[in-house]
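Please put together the full structure from these sequences, using the hints given.
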Amino acid sequence: MTHSGKMSRWTWLMAMVALLAIFAVACSGDDDDDSSSAGFTDAGYKTAGLDKARVVTIDGDIPIGISSALTGEVAGLGIPIADSAEVGGEGITIKGKKIKWVREDDLCSPEGGPAAADRLVKANVVAAIGPICSGGTRASLKIFDDAGITHISPSATAGDLTTPTRPEGPYVTFFRVPVLNADEAKAQAQFAYDTLKAKKAFVVFDTDDYGKDLAAEFQKSFKAEGGEIVGTPAGYEKKTTDFKSIIANIKAAKPDVIYQAGFYAEATPFLQQLRADADLKSIPYIGGDGIKNDELLSGAKDAAEGAYLALPGTTGSQFDTYKQKYAAKFKGNADSATFGAEAYDAATAILKALDKVAVEKGGKLEIDLKKLNEEIKKSSFEGASGKVEFQDNGNRAGAVVRLFKVVGGKYVQLEAGKK
Amino acid sequence: MTVIFLTSAEFWADQLVNGLTTGSIYALIALGYTMVYGVLQLINFAHGEVFMIGSFAGYGVLVAMGGDDTSGAMIALALVLAMIAASAASMGTALAIERIAYRPLRNAPRLAPLISAIGVSVFLSHLVDDGFLTGRSKYYPSIFPDGALELGPLTISALQIFLMGSSLAMMGGLWWVIQRTKLGRGIRAVAESRDNASLMGIDVNRAIVVTFALGAIMAGVAGVLYGLFYSAIRGSMGFIPGVKAFTAAVLGGIGSVQGAVIGGYFLGLTETVGRELLNEIPGVSLPNQWKDVVAFSLLVLVLIFRPNGIFGQKETKRA
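Chains as they are written, first to last, in our numbering: chain A, 1 to 419; chain B, 420 to 738.
Calculated directly from the structure, the hints in this document are not laboratory data.
Every residue, glycine too, gets a C-beta built ideally from N, C-alpha and C.
Please note that a few of the clues may not be correct.
Claimed, not checked - SDA-like mimics (lysine to any residue), calculated; alpha carbons at most 25 Å apart, straight line:
| id | chain 1 | residue 1 | chain 2 | residue 2 |
| --- | --- | --- | --- | --- |
| 1 | A | LYS387 | A | GLY408 |
| 2 | B | LYS557 | A | LYS387 |
| 3 | A | LYS238 | B | ILE659 |
| 4 | A | LYS238 | B | ALA507 |
Said to hold, decoys possible - Derived list of chain B stretches under chain A, where covered just means 3 residues or more per stretch with a C-beta under 8 Å from a C-beta of chain A:
| id | region |
| --- | --- |
| 5 | 698-708 |
| 6 | 714-725 |
Unchecked claim - Away from chain A, derived, C-beta distances all over 12 Å, residues of chain B:
| id | residue |
| --- | --- |
| 7 | ALA567 |
| 8 | VAL596 |
| 9 | LYS601 |
| 10 | ARG625 |
If you want it as structure tokens, here you go:
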């Protein structure tokens, strides 16, 4: 018995070694073409969207959904977004009916997104703003589409959420306001190469959809500029606090610049540990939009000094109106509400379309959800984040990216071509 | 055979020190798991949260003592007080958990207190995260003086020396209590056989309470060291180090005190150095995300050949 026990252990070991070898081979063959294979996953899915879209009759206030991160690590981003969306409906009535906002917490996660979408569908919303993050959005697309409900994300930036095959392809019920990761990464790669004169970059990223996409886009753009990615791009999971091992890799790779795609909750300890290393005290650091948050400044303090961050989008002619309403209703500061202007514009797009589509019948409102979708697609107005128009595939038309630098504990916007 | 490393000696020295630092923290936490298992055969899954509470108590003291502006001799005083407060808070939490969630279940089937432990763990981490912090993190003030010791390619920061030194001192103290005092003898007796110990006049409840308290003191100190080193603390911070420390305890042989220490360092090192070593094989390039895959594969390997862990003894017949 003992003998055969030993034998089976050895058999196990052999099996595991074989398995690991297969993995290693599979991994080393896996080059950079990840980005091309990361295409749309539900290609076989035929959109139900507009066929299912029905005419709804509203008696009381008009329910509109907001799916955002209201608790958890990303609430610092999510609550201002939800508030800003509500501000978009401040003082607006549709044919005499008021708006009833239905908020659901999507936790910025692939699990939370569909749960929030289900609750919004059950609440009979006529349209929705959100979900807030790319992972949650991807998991929710089908739910909204099956219900024929059009939703506009103010902040989901992963490239492959929309497909080039639209409008024939799936999910015609999805639109989004933000400038995409690809555009942001390109602007940051150009800044790193042309303005900072960096030739070698090290990439650190959150392993969620947003982080992976932004990191891949940055690598693509930086290489296209003529730069080199040194070392192996290092992924980390949310809630990671120990970055020492990654930092040892950074030191060994000797980059000219460090690029991070992720969120402020992890960027804060990363920057603190990075700047605690004597050799990396002053190496240029560039972070994506998920990191540009006031909590980074209050958390990382001196370690955030000199960091370069980006915000996709710009401030449009309606920004001041939005800013005043936001301050009046929620005591918030619109300047630090990342994607707040986009959320305000998403709400505006829905409300403008509703106003055109809603028909009054005997004191009730009839809303054709299919017409609402088509009207949202035709949106064209000056919003808080610039001119709002949608492309055929649901993405925003036009792309402006703003760059910032932390100077004296504050975000200062950079002029083009300046450090 | 000569081994040619693709990366520099400095790199390996850095990763070695990083591994030992992480390992020190795992070892301190693992002690709590292994001791409680020794006396109760209970996996105290809430131990990660005991560590978290200690970290927050230490944070409170450091902020109250002046936060980032603390200087000179006050730093030493603040650190000592933070560790005392952390130990006290962790101890209070652990004892409350023992009294409320475990003692009423002491004679229940073994799975019942395990589920109760998981419940306490989830409750505490969400209470702090969602109840008090609404999902935000707190950041330890960076008061520890800069400076580093250089030995050839090896650079160890003052904070790392402090961290490793204090964890070794704590472990030494614990060893002394367990091996050299009457209290420790009681714990060892209860671990060997609760019934026999009770017949010999040992207060079993007292020995169990002391076990929880000692484990919690280690966790509390680990919480402060963790905060000083990694800076970000939050309600959910105990989960991953808790799981890793539990793993370290199993790896070393659960129930064994020296096993927990060795297991902690072993896991800390394999986690940081294991993946890097594999990357030295031509054609292999495992990104950072793979470090846990490598560490846990190794764990499975160790357990295949030593199912009771490195220092584990064959499960004896326990009534």
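Right, here's what the structure says about each hint:
A C-alpha spacing of about 32 Å is found between LYS387 (chain A) and GLY408 (chain A), which places the hinted pair above 25 Å, so the restraint is violated. Using a Cα cut-off of 25 Å, the hinted pair LYS557 (chain B) and LYS387 (chain A) is violated, with the two alpha carbons roughly 39 Å apart. Using a Cα cut-off of 25 Å, the hinted pair LYS238 (chain A) and ILE659 (chain B) holds, with the two alpha carbons roughly 11 Å apart. Straight-line distance between C-alpha atoms of LYS238 (chain A) and ALA507 (chain B) comes to about 30 Å, which puts the hinted pair past the 25 Å bound.
Counting residues of the region 698-708 of chain B whose beta carbon lies closer than 8 Å to any beta carbon of chain A gives 9, which meets the minimum of three for the stated coverage. Three residues within the 8 Å Cβ limit are the bar, and the region 714-725 of chain B against chain A gives 5, so the coverage statement holds. Distance to chain A contradicts ALA567 (chain B) as a non-interface residue, since its nearest Cβ pair spans about 7 Å, not more than 12 Å. Distance check on VAL596 (chain B): its Cβ is at least 30 Å (rounded) from any Cβ of chain A, clearing the 12 Å threshold; non-interface status holds.
Consistency note on LYS601 (chain B): stated as away from chain A, and its beta-carbon is indeed over 12 Å from all of that chain's, at 39 Å minimum. The beta carbon of ARG625 (chain B) is kept farther than 12 Å from every beta carbon of chain A, the shortest such distance being approximately 37 Å.
Of the numbered hints given earlier, the model fails hints 1, 2, 4 and 7; all others are met.
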